[in-house]
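A.B. asks: Quick note, my numbering runs 3 ahead of the 1-based positions in the sequence shown.
Calculated directly from the structure, the hints in this document are not laboratory data.
Honestly, I wouldn't trust all of these hints.
[Said to hold, decoys possible] For lysine-lysine, the following PhoX-like pairs were computed, each having C-alpha atoms within a straight-line distance of at most 20 Å:
| # | residue 1 | residue 2 |
| --- | --- | --- |
| 1 | Lys-140 | Lys-126 |
| 2 | Lys-30 | Lys-78 |
| 3 | Lys-77 | Lys-184 |
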Amino acid sequence: MSVRIKNLTKTYGDQVVLDNVSFEVGKSEILGFLGPNGAGKTTTMKIITGALFPDSGEVVVSGFDVFNNVTEVKKRVGYLAEHNPLYSDMYIKEFLLFIAGVYGIDDKNAKVKELIELTGLTKEQNKKINQLSKGYKQRVGLAQVLLNDPEVLILDEPTTGLDPNQLKEIRALIKSTGKDKTVIFSTHIMQEVQALCDRVIILNDGKIVVDDRIESLGDNVVTKTKSVFVQFDEIFDIDDLMKLDTIKAANAIEAGIIKLDGDDDYMMRKEIFSFAKTNDYTILSMFKEDIDVENIFSKLTH
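Using the sequences and the hints, build the whole thing.
C.D. replies: Next comes the structure, spelled out in structure tokens:
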């Protein structure tokens, strides 16, 4: 495993920020790190990079213990902080050459040229960083953290504040760089998680409440109660729907839409169609509740 965390605990005074957190992330895996503000995401990321030390626990990155080999860990980790720190008065190419020099990269001109092309900065490379849009500044930040070809990428909300086009481009860049690296990134944009991640961890109050693959995320999280939303062409007493065998609850919500709850959404829909036919009603729309990352996040963190 590229990153292994075991029994990680961190407190600030009486506040427990991380409470006995454990997980592993492998090579070529993109992990979405989710949670409400204050859940402990950024603290965990800073501990992985060696920028912050916990009260107790074990963190191993690429085979090196963070607390005993922090220099070796930092050589293997690229960290893009939430508030991307850049030297705004420097030109893009000048800045990247400077950082490459700090890393001690041998052929820094070739490496900087490669990353400028990879991150789509070719046309902008002779601009000052303070002249760039938020999206291009994020590209510069990604180019910076990729300079030393890290085995592990830690990205703290890398897409915050980007427009739809910038989101698409940065998403593609993260996806391509994650093919041969371990990527851990936090975000509040649920579409990013579904589009990018192989796996999701949700933190709440310093504890892991979900650790699962994207494709099976809802299997053990969603309650047994299923919901179907239906709209008829006529208004009637919704208590009539409660007479159906499969319906356990019926509530009018908005714009004539009725929310129906039961154990089996397939049988519920089947019985609703029969009800409409018997009473000569037309169904204008009917759909079941989608269980996506956003719904699951809300269920677990409210």
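A.B. asks: Which numbered hints are broken by the structure, listed smallest first?
C.D. replies: none
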